[in-house]
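**Q** The chain contents come next:
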Amino acid sequence: MALEQYAGDMGMCCRCSACKFVPMQKVKGSDYSYVCPSIAKYNFHAYSGGGRMNIGTAAVKNGMNYTDRLLDVVYNCQMCGACDVSCKYAMDMEVLEPISEFRMKCNEDGKTNAALDKVIAGLRKTGSMVPAKGKRGAWAAGLGIKDATKEKVDVLFHVGCLTSFDPEMQKLAKATARILEKAGVSFGIAGDAETCCGGRAYQMGYKDDFLAQAKKNMALIKKCGAKTLVTGCADGYQAFKVLYDKYDLKGKLEVLHISEYIDKLIKDGKLKPRKKVNLSVTYHDPCRLGRLGEPWIHWEGTKVPGDRFVFDPPKEYRRGAKGIYEPPRDVIKSIPGVKLTEMTRIKEYAWCCGAGGGVNESNPEFATWTAQKRIDEAVSTGAEAIVTACPWCEKTLNEAIKASGSSLKVYDIVELVEKAI
Amino acid sequence: MAFTKEVYKEFEDVVGVENICDDPSIMPAYYGTEFAAVILPKDTAEVQALVKLCNKHKVMFRPICTGWSGMFPKGIVLFDLRRMNRIVEINEKNMYAVVEPYVISAELQAELMKRGLNFCIKGAGTNCSAMLRGHGHMDQTTSGDDRNHLAIEWVTPEGEIVRSGSLGSADEWFCGDGPGPSLRAILTSAVPPGVTPGVFTKAAVKLYHWPGPSEFPIVGHSPKYTLGEIPANTMARYYSFPSVDKMWQAELKLGEGEICYELMGFNAAMVSCNITTCNEEEEEVFAKMSKEVQGPGFFVIIAGSSPEDFAYKKHVLEYIVKQNGGKSLKTVENPEVEGILMCQCIRISASIRETFRAGGAFNSIPIMGQRDLTIKWAIGAGKAKEPLIKNGYIVDDGGAFFGWGVEQGHLGKTEIFCKYDPQNAEAKKAVEQWQQEQTRRAFTEKYFASTLGSQEDIGPALSNYHLWWQKLVKTLDPNGVSPEGGALV
Numbered sequence: 042m043a044l045e046q047y048a049g050d051m052g053m054c055c056r057c058s059a060c061k062f063v064p065m066q067k068v069k070g071s072d073y074s075y076v077c078p079s080i081a082k083y084n085f086h087a088y089s090g091g092g093r094m095n096i097g098t099a100a101v102k103n104g105m106n107y108t109d110r111l112l113d114v115v116y117n118c119q120m121c122g123a124c125d126v127s128c129k130y131a132m133d134m135e136v137l138e139p140i141s142e143f144r145m146k147c148n149e150d151g152k153t154n155a156a157l158d159k160v161i162a163g164l165r166k167t168g169s170m171v172p173a174k175g176k177r178g179a180w181a182a183g184l185g186i187k188d189a190t191k192e193k194v195d196v197l198f199h200v201g202c203l204t205s206f207d208p209e210m211q212k213l214a215k216a217t218a219r220i221l222e223k224a225g226v227s228f229g230i231a232g233d234a235e236t237c238c239g240g241r242a243y244q245m246g247y248k249d250d251f252l253a254q255a256k257k258n259m260a261l262i263k264k265c266g267a268k269t270l271v272t273g274c275a276d277g278y279q280a281f282k283v284l285y286d287k288y289d290l291k292g293k294l295e296v297l298h299i300s301e302y303i304d305k306l307i308k309d310g311k312l313k314p315r316k317k318v319n320l321s322v323t324y325h326d327p328c329r330l331g332r333l334g335e336p337w338i339h340w341e342g343t344k345v346p347g348d349r350f351v352f353d354p355p356k357e358y359r360r361g362a363k364g365i366y367e368p369p370r371d372v373i374k375s376i377p378g379v380k381l382t383e384m385t386r387i388k389e390y391a392w393c394c395g396a397g398g399g400v401n402e403s404n405p406e407f408a409t410w411t412a413q414k415r416i417d418e419a420v421s422t423g424a425e426a427i428v429t430a431c432p433w434c435e436k437t438l439n440e441a442i443k444a445s446g447s448s449l450k451v452y453d454i455v456e457l458v459e460k461a462i
Numbered sequence: 014m015a016f017t018k019e020v021y022k023e024f025e026d027v028v029g030v031e032n033i034c035d036d037p038s039i040m041p042a043y044y045g046t047e048f049a050a051v052i053l054p055k056d057t058a059e060v061q062a063l064v065k066l067c068n069k070h071k072v073m074f075r076p077i078c079t080g081w082s083g084m085f086p087k088g089i090v091l092f093d094l095r096r097m098n099r100i101v102e103i104n105e106k107n108m109y110a111v112v113e114p115y116v117i118s119a120e121l122q123a124e125l126m127k128r129g130l131n132f133c134i135k136g137a138g139t140n141c142s143a144m145l146r147g148h149g150h151m152d153q154t155t156s157g158d159d160r161n162h163l164a165i166e167w168v169t170p171e172g173e174i175v176r177s178g179s180l181g182s183a184d185e186w187f188c189g190d191g192p193g194p195s196l197r198a199i200l201t202s203a204v205p206p207g208v209t210p211g212v213f214t215k216a217a218v219k220l221y222h223w224p225g226p227s228e229f230p231i232v233g234h235s236p237k238y239t240l241g242e243i244p245a246n247t248m249a250r251y252y253s254f255p256s257v258d259k260m261w262q263a264e265l266k267l268g269e270g271e272i273c274y275e276l277m278g279f280n281a282a283m284v285s286c287n288i289t290t291c292n293e294e295e296e297e298v299f300a301k302m303s304k305e306v307q308g309p310g311f312f313v314i315i316a317g318s319s320p321e322d323f324a325y326k327k328h329v330l331e332y333i334v335k336q337n338g339g340k341s342l343k344t345v346e347n348p349e350v351e352g353i354l355m356c357q358c359i360r361i362s363a364s365i366r367e368t369f370r371a372g373g374a375f376n377s378i379p380i381m382g383q384r385d386l387t388i389k390w391a392i393g394a395g396k397a398k399e400p401l402i403k404n405g406y407i408v409d410d411g412g413a414f415f416g417w418g419v420e421q422g423h424l425g426k427t428e429i430f431c432k433y434d435p436q437n438a439e440a441k442k443a444v445e446q447w448q449q450e451q452t453r454r455a456f457t458e459k460y461f462a463s464t465l466g467s468q469e470d471i472g473p474a475l476s477n478y479h480l481w482w483q484k485l486v487k488t489l490d491p492n493g494v495s496p497e498g499g500a501l502v
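Chains as they are written, first to last, in my numbering: chain A, 42 to 462; chain B, 14 to 502.
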């Protein structure tokens with residue numbers, strides 16, 4: 042789809058500003074009422090979902106009017122999709138899709154962001170979105186994990202770039218491996234042959250790089266013969282499950298996030314969290330596991346002529362309701378001693394950690410600002426720790442904690458489960 | 014029509030470099046106008062300084078909050094009040110809340126409900142400024158319009174700060190009319206141009222008792238939120254009647270009985286919008302509901318302060334409805350639907366569904382006046398929609414209108430929508446023509462003088478108010494920097 046194909050959707054924007062806030066029924070006061078980090082930080086309407094729709098409409102009508110300010114608007118967005126959910130409470134129109142197409146158009150026109158260009162150059166060279174120091178599979182040395190490229194496994198664990206290469210995050214890969222082993226799962230990794238899912242490149246607007254990564258990954262998976270792919274990263278989850286499907290690349294591959302898989306293992310009696318973990322926690326829904334983890338809906342049709350914005354065949358909108366919300370919560374609740382208290386903004390209207398859309402790379406200060414807002418919200422629950430299900434969230438939340446001096450702890454869900462088994 | 018560098022710098026010095034922008038690429042985010050600049054003041058002092066600069070340079074300005082549509086002359090300065098979003102005070106003892114312009118109604122109401130209080134949220138929706146003047150679904154309880162504006166802090170078009178009512182003498186917000194200067198007629202003009210020039214920077218709004226829960230027990234995910242249970246001592250129903258006259262008689266008796274927390278004259282099409290999650294579903298539900306209703310109707314919420322109070326209100330409600338041949342809509346008796354409607358119609362969170370979702374745009378004729386008279390006009394205006402429906406220009410809502418009684422119900426709000434696709438030029442033209450004709454008919458047939466009509470036409474019939482208003486505006490705004498529609502947003 043190109044930007045022009047969303048002209049009807051963008052033209053539906055009535056500038057009501059619902060996209061700035063959590064869905065109106067869920068506004069619980071003057072604190073934590075905003076859902077879009079971009080408008081909350083930068084204030085000009087252009088930085089909101091609605092502002093982006095109106096700029097998109099003008100671009101379709103009059104052409105792209107590139108200025109530095111426009112590119113500032115374009116790249117200071119986490120592409121978290123919160124505006125999309127809040128708008129679609131009341132409206133039948135796409136919001137995130139045209140925002141994404143607008144960014145891709147900027148990319149096609151060479152109006153890229155230097156910091157993101159650098160990341161993508163690294164991706165093209167090393168197959169990683171983070172600096173590839175050492176070998177991708179080095180974290181698994183000595184752990185005896187099967188190499189899925191050499192032997193048949195039921196489950197392929199896609200580790201992800203950050204978890205593979207960041208020494209601070211490799212603990213998540215090790216914890217995941219230990220959990221899967223404990224549950225007796227026949228799993229393997231691709232090790233040094235693993236490559237980036239491409240999801241973050243897609244968010245940044247580099248569609249071709251995303252597609253190249255997707256094709257590489259699906260070829261590798263086909264070669265491995267794995268029917269199920271488990272990711273520990275929400276970006277990876279969205280890429281394999283939703284974006285690959287959007288571009289008809291997923292086939293029949295079953296894609297599960299590790300929190301879903303652990304939930305299944307616990308419910309099937311294959312994994313039993315027995316050890317007590319005395320901790321009060323709150324849970325942060327990663328955008329790409331939650332609202333953006335909703336399955337892709339294939340649809341092609343045309344607007345029915347007449348008064349209403351309806352289509353032939355009828356269009357079913359993705360509104361964020363079918364993301365992965367309960368499995369991680371069920372896993373947390375299954376751990377003895379853990380007390381879960383919810384934040385104000387949760388599930389489909391959760392506040393982003395700040396890392397998405399390339400903001401982590403292009404504007405780290407904005408990413409940390411966004412994460413700090415989440416830390417404040419987590420602290421307001423009285424919890425000792427915030428639990429998430431994505432290494433990018435963990436990294437960004439930790440950076441905000443470091444900057445602010447908060448005593449809140451951050452855990453990935455696999456770290457908690459590992460403590461309990 | 015951009016500023017010179019020097020003038021831009023003067024404005025920038027007031028708000029800081031991050032809070033002013035004249036980049037043409039982001040202007041379409043606001044409206045299809047070439048603004049001289051968009052500026053984000055953070056408080057009254059900054060607004061005052063900006064307004065004085067506008068006078069110095071003879072530049073027009075307009076403030077906005079969350080938005081909606083607007084007409085803006087080219088080269089105007091837009092004050093986006095996004096940063097003025099604080100609830101300054103909630104005074105439970107004296108029953109008022111003081112807010113800045115960008116506090117949305119959802120935020121204020123949520124804070125109030127925790128305290129057993131509520132306020133008049135305008136029908137435009139809970140996403141709008143809490144200080145917006147107008148009418149809303151809860152008018153029988155909270156009244157509407159200028160009744161709810163207490164003291165106001167106002168930056169005049171020349172940049173003076175005026176504090177009205179009690180604020181002007183006692184530095185307290187409890188009253189709009191004194192002991193300080195009452196400027197009610199100027200600050201809340203109810204006839205064209207409709208709003209006062211200048212900028213309202215703070216306003217106190219009147220608060221009311223809320224007998225319901227401190228927070229609705231919402232379950233599910235967007236877009237299908239429902240209530241886990243119907244809160245104690247509350248009930249929502251939709252009643253249809255054999256005739257408009259019977260409906261009006263019931264509405265009047267209920268108003269006089271003072272038992273309804275809310276009486277909203279939704280038509281079946283509006284109920285369908287509220288309880289459905291997409292356009293296709295809405296069409297189906299409307300078709301079903303059109304067969305279920307026996308005629309025009311209204312939606313009611315009763316909320317008791319105790320089980321006994323609730324039982325009394327319920328009894329009176331059922332008695333009056335029965336006396337007038339009313340029939341409760343089974344669809345709304347379903348607790349899931351009842352819960353959705355109760356929550357949405359107290360929180361006023363579905364107005365966008367009712368207006369924009371179907372086609373992307375709507376035109377309406379809103380009237381405030383003697384309810385029985387405006388209903389009679391609305392029947393004709395509804396009939397006049399039929400050819401537009403037949404031609405496929407507007408969404409088929411059965412030619413319906415809607416409205417509700419304010420306070421005891423003799424005074425009321427009546428409104429009629431035409432929803433259409435703004436990309437369809439023919440439809441747009443037809444709707445605008447309908448709007449003009451029905452507005453003119455209201456005046457010539459002596460139903461009322463709509464604020465949509467021309468001042469020159471209706472002014473002579475209303476004590477030449479427009480001439481007085483023009484004199485007032487000239488005095489208040491000698492440099493002509495604050496065009497119509499300038500103060501409340």
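In case anyone wonders, no lab produced these hints; they're calculated from the structure. Just so you know, these numbers come straight off a predicted model, no measurement behind them. Accuracy of the hints is not assured; some may be wrong.
Residues from chain B that face chain A, not an exhaustive set, calculated with beta carbons under 8 Å [said to hold, decoys possible]: (1) ILE39; (2) TYR325; (3) HIS328; (4) GLY405.
Glycine included, C-beta positions come from ideal geometry on N, C-alpha and C.
**Q** Does the structure break any of the earlier hints, and which numbers would those be?
**A** When the structure is compared with the hints, numbers 2, 3 turn out to be violated.
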